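Peer 1: Using the sequences and the hints, build the whole thing.
Protein chains: 4
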Amino acid sequence: MQPTSPTAILLISCPDRTGLVAAVTRFILEHNGNIVALDQHVDIEEGVFFMRVEWTLDSLDIPGDAISARFNAEVAAPLKMQFALHFSDHAERMAIFVSKQGHCLYDLLSRWQSGEWRVHIPLIISNHQDLEPVARQFGVEFRYFPINAGNKREMEDKQLALLSVVKPDFIVLARYMQIVSPKFVEQFPNRLINIHHSFLPAFIGAKPYHAAYGRGVKIIGATSHYVTAELDAGPIIEQDVIRVNHKDSVDELIRKGKDVEKLVLSRAVLYHLRKQVLIYKNKTVVFG
Amino acid sequence: MQPTSPTAILLISCPDRTGLVAAVTRFILEHNGNIVALDQHVDIEEGVFFMRVEWTLDSLDIPGDAISARFNAEVAAPLKMQFALHFSDHAERMAIFVSKQGHCLYDLLSRWQSGEWRVHIPLIISNHQDLEPVARQFGVEFRYFPINAGNKREMEDKQLALLSVVKPDFIVLARYMQIVSPKFVEQFPNRLINIHHSFLPAFIGAKPYHAAYGRGVKIIGATSHYVTAELDAGPIIEQDVIRVNHKDSVDELIRKGKDVEKLVLSRAVLYHLRKQVLIYKNKTVVFG
Amino acid sequence: MQPTSPTAILLISCPDRTGLVAAVTRFILEHNGNIVALDQHVDIEEGVFFMRVEWTLDSLDIPGDAISARFNAEVAAPLKMQFALHFSDHAERMAIFVSKQGHCLYDLLSRWQSGEWRVHIPLIISNHQDLEPVARQFGVEFRYFPINAGNKREMEDKQLALLSVVKPDFIVLARYMQIVSPKFVEQFPNRLINIHHSFLPAFIGAKPYHAAYGRGVKIIGATSHYVTAELDAGPIIEQDVIRVNHKDSVDELIRKGKDVEKLVLSRAVLYHLRKQVLIYKNKTVVFG
Amino acid sequence: MQPTSPTAILLISCPDRTGLVAAVTRFILEHNGNIVALDQHVDIEEGVFFMRVEWTLDSLDIPGDAISARFNAEVAAPLKMQFALHFSDHAERMAIFVSKQGHCLYDLLSRWQSGEWRVHIPLIISNHQDLEPVARQFGVEFRYFPINAGNKREMEDKQLALLSVVKPDFIVLARYMQIVSPKFVEQFPNRLINIHHSFLPAFIGAKPYHAAYGRGVKIIGATSHYVTAELDAGPIIEQDVIRVNHKDSVDELIRKGKDVEKLVLSRAVLYHLRKQVLIYKNKTVVFG
Chain A
36 MQPTSPTAIL LISCPDRTGL VAAVTRFILE HNGNIVALDQ HVDIEEGVFF
86 MRVEWTLDSL DIPGDAISAR FNAEVAAPLK MQFALHFSDH AERMAIFVSK
136 QGHCLYDLLS RWQSGEWRVH IPLIISNHQD LEPVARQFGV EFRYFPINAG
186 NKREMEDKQL ALLSVVKPDF IVLARYMQIV SPKFVEQFPN RLINIHHSFL
236 PAFIGAKPYH AAYGRGVKII GATSHYVTAE LDAGPIIEQD VIRVNHKDSV
286 DELIRKGKDV EKLVLSRAVL YHLRKQVLIY KNKTVVFG
Chain B
36 MQPTSPTAIL LISCPDRTGL VAAVTRFILE HNGNIVALDQ HVDIEEGVFF
86 MRVEWTLDSL DIPGDAISAR FNAEVAAPLK MQFALHFSDH AERMAIFVSK
136 QGHCLYDLLS RWQSGEWRVH IPLIISNHQD LEPVARQFGV EFRYFPINAG
186 NKREMEDKQL ALLSVVKPDF IVLARYMQIV SPKFVEQFPN RLINIHHSFL
236 PAFIGAKPYH AAYGRGVKII GATSHYVTAE LDAGPIIEQD VIRVNHKDSV
286 DELIRKGKDV EKLVLSRAVL YHLRKQVLIY KNKTVVFG
Chain C
36 MQPTSPTAIL LISCPDRTGL VAAVTRFILE HNGNIVALDQ HVDIEEGVFF
86 MRVEWTLDSL DIPGDAISAR FNAEVAAPLK MQFALHFSDH AERMAIFVSK
136 QGHCLYDLLS RWQSGEWRVH IPLIISNHQD LEPVARQFGV EFRYFPINAG
186 NKREMEDKQL ALLSVVKPDF IVLARYMQIV SPKFVEQFPN RLINIHHSFL
236 PAFIGAKPYH AAYGRGVKII GATSHYVTAE LDAGPIIEQD VIRVNHKDSV
286 DELIRKGKDV EKLVLSRAVL YHLRKQVLIY KNKTVVFG
Chain D
36 MQPTSPTAIL LISCPDRTGL VAAVTRFILE HNGNIVALDQ HVDIEEGVFF
86 MRVEWTLDSL DIPGDAISAR FNAEVAAPLK MQFALHFSDH AERMAIFVSK
136 QGHCLYDLLS RWQSGEWRVH IPLIISNHQD LEPVARQFGV EFRYFPINAG
186 NKREMEDKQL ALLSVVKPDF IVLARYMQIV SPKFVEQFPN RLINIHHSFL
236 PAFIGAKPYH AAYGRGVKII GATSHYVTAE LDAGPIIEQD VIRVNHKDSV
286 DELIRKGKDV EKLVLSRAVL YHLRKQVLIY KNKTVVFG
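Note that the protein sequences, when read in sequence, are chains A, B, C and D.
Take the first sequence: its position 43, counting from 1, is numbered 78 in this note's numbering, and each next residue is one higher.
Take the second sequence: its position 101, counting from 1, is numbered 136 in this note's numbering, and each next residue is one higher.
Take the third sequence: its position 279, counting from 1, is numbered 314 in this note's numbering, and each next residue is one higher.
Take the fourth sequence: its position 49, counting from 1, is numbered 84 in this note's numbering, and each next residue is one higher.
Fair warning: there could be bad hints in the mix.
Same chains, same label: a pair holds when it works inside one copy or across any pair of copies.
Claimed, not checked - Once the Cα atoms are required to be at most 20 Å apart in a straight line, the calculated PhoX-like pairs of lysine-lysine come out as:
(1) LYS115 - LYS242
(2) LYS242 - LYS202
(3) LYS202 - LYS282
(4) LYS282 - LYS318
(5) LYS218 - LYS115
(6) LYS193 - LYS291
(7) LYS310 - LYS282
(8) LYS242 - LYS318
Source of the hints: derived by calculation from the structure; they are not laboratory data.
Quick caveat, the model's predicted, so the values are computed rather than measured.
Peer 2: Written out as structure tokens, the structure reads:
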């Protein structure tokens, strides 16, 4: 993982059959690529093949912008593969949505500013003004959309209009406390990452820490998932948990949970950035 | 924790007010006890005080069988405390219910046979004969109740009749795949411990590993709780989890989950045996 | 934990004997305090008693600035207790030392700026200029001390001179890659918190991730401890770990480890801020 | 993982070069095998390639006993690969060494007896007689070697003589409290699995829980590794940890640690049985 020279990354899925790995690796081999990571997975029940392969570009005998067409012609089309090609030196554009709580936002911005992640953050959108100073301090544009019961659709349309100009590659809902509409979700298929403050599918919806406190659980968690039309039901990218006990008030659950939330969201975003995630039928394959 | 000479353990709950800890510790002090563990907890929302205190009996100026009456007269009655007194050298009687899967049973029996736990196991009850050789090998009586759709009530009555003779202090449902009736539950209030093979409240009911597989969770878990009339909804004693990924088939989830189940159940049973658990309004206080 | 109105917190240690809890709680009771948290621990081997008790000040019949003297006269002196009294509404002054890596610094500053912690941060000291923009962005004074092989003692004297003006209550070494001298350590007994990037006592000293990679461990960790004269050997406040595998290069261990480091350090600082930590003979009692 | 029909498993290592995956998968494809699991890893620093591939045998056009020779001729020899071929329906012979503590032994025997593992256990060897009843109860031969300071070499020779008759495929030291000699280790290269009751490399050697208690660590662990001539320094297969705190006496650390030990050892044995482990230069590649 993480070679220093630029690499190409292929994400592939198709009906399972023999020879798929051989066909892909032969293509890379014949064009002088050096594989640095190869993961494959077969969902036997569904009969679907998944693969992630990463190779160095130094000695490849195909120019970067021709790889996709060549791979399609030589391998993907004959084998009915769906594929996506990425380059490790390309920085994607990530827009962030927040409300009032800043712990996830700070964590995302810190990783970006410190150079830990290769990403651009062109825009932060919020339904509150609380975090505008944070955005400004990190030098990121902040746009405020004062959503209320009456103007939700209108505000969302304005958000979409802004996003159509900013053109993010993907969006992160970093404790954005609004439910986005199906119309919005449709604009960003598999490109809208949320953090939910519970161990899904436990405690779907609002106030999960209050519900966890009421149920007397001994462990709380957080879940990062791609957003789909159904609330808190999209493909899960990452989850983690932390132990709690009878001493922990709801406020203490919220405090402990924040640390889990920010790490789980940041891990999910990193997996997305590194192109380690494939989605199939509401589940993810996350290659390590 | 775990002093070598015998100790008395008091579990106390009552409406919160000032001076409760002082009243209890003063009683022990004045009667020459030496406190080796003291935990207290106040549920501020409910206004309830919980306490566990353990002290050595060597130099106590009250005989063991008189402590309860004296404590009641001098402290508990005036302060309207509910309390239970236990002695660390008393071994409780634990009955075990199983079905076909043996991993929890093996773990419980091994801890008992090796002397890790101070407990008696007078009886194993099952609705299948599969684990009879295991019971026999460990020298524990095994009784088979061939439950089917038509005879559930009758079989349960026979189980209750047997239990009324065996007189267990508490019962452990060690992957017993039958739902016990409210009538049964009533006989063993706060004395019926179950292991559920999911991270409750996620995946209540049957086949939680299949449900977890279907949802694509990244972590699975197990929950040990006291059984109440409502399915999988009783006070949680202990939970734990293990990480899974897209490679894990349902069978693999089941295999990984077994290890979590047996440890979580055994921890819960140990907390119960050591009198570390207090129950209040469907939640537990588990003193470490 | 965490009542909303101001509380007093007493940390007590003394030779163990009967009646200590009763004496302390009686004092609070008689002066009309309401205990919201009480933890005690007896180190049986050492014969030492530790206690943390927290109570509300609303109805206390002693003014805040007289509690210490009264408690000393009525309880501590007669019983030979060592004690420290703190108030939950007092914000301590925390100085931070850093070198080039910013992940811990960002985490500390974010918690402070967002109001998650009640603390003041009057000063950041570094032997490199890299993180000065981060300090400036958060509005905290940054002082650069260009330490080299020849001027270590001199630079440290200047740091001490500055600290004697700034007067921090405690200092956090947030991945400060210099070994501080015994003279420095002596100035801040039990008030100098370090994060070491390994699971101590494994991999003491420099380059622990390289050593972990070389040894082929399956789990890496981080340790926050009070600094003493002996390298990486002071009382441990908090530790945590993360799973790694053969795919993880040294760079990947470093990346994964950073997340553990920042959380472990921040948890240790919070325990210190909340006065949950007592130190005895190079070990800590950390009350939950 | 875990297909229901028998599979072949190839473990491969060789100097890294392009086309290795393609060569192996092409061989399986051309002989009509269906790959159900494929993992590969490149140690970039060492320039070594590792691979585990598992495929179904149903439609393979080579008989099982000819696969090795054919693979060698067509792939391994030309590419200078080292490889080992295994079949999932072959049950290996596992000998177990124990001393007085039975928790790991119970766990191993339970998994074997319940059919959780496909393995044979022809022999248990011990330097104490304590666990003979456990062996007998599970129907496994138990041989007692009364080792003392004067007869260590002689006893080990007798053990080796017995093992040369029993011919185990591998040996598990399940809390065997004797250090085996280099001569013994040499007989079972990469086939001798130990459980050490600490988080290695912390607390090498005797009484790690006492050392952990003395150091005041907040987490304890266990490590399973292949035994080499150097004490506790062989390739690590698996590690895990559990949180402890100031309340935990040495006895309590020992009790908590036992649960970690038995799970870590059993996971390591399972990885070994499933042929998920490759060893290189004192480190392991454990394919998930």
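Peer 1: All the hints need checking, so say for each whether the structure fits it.
Peer 2: For each hint, the structure was consulted:
| no. | hint | in the structure |
| --- | --- | --- |
| 1 | LYS115 - LYS242 | neither (45 Å within a copy, 35 Å between copies) |
| 2 | LYS242 - LYS202 | neither (32 Å within a copy, 42 Å between copies) |
| 3 | LYS202 - LYS282 | neither (46 Å within a copy, 34 Å between copies) |
| 4 | LYS282 - LYS318 | between (36 Å within a copy, 12 Å between copies) |
| 5 | LYS218 - LYS115 | neither (30 Å within a copy, 57 Å between copies) |
| 6 | LYS193 - LYS291 | neither (35 Å within a copy, 38 Å between copies) |
| 7 | LYS310 - LYS282 | between (41 Å within a copy, 16 Å between copies) |
| 8 | LYS242 - LYS318 | between (25 Å within a copy, 19 Å between copies) |
Comparing the model with each numbered hint stated earlier shows that hints 1, 2, 3, 5, 6 do not hold.
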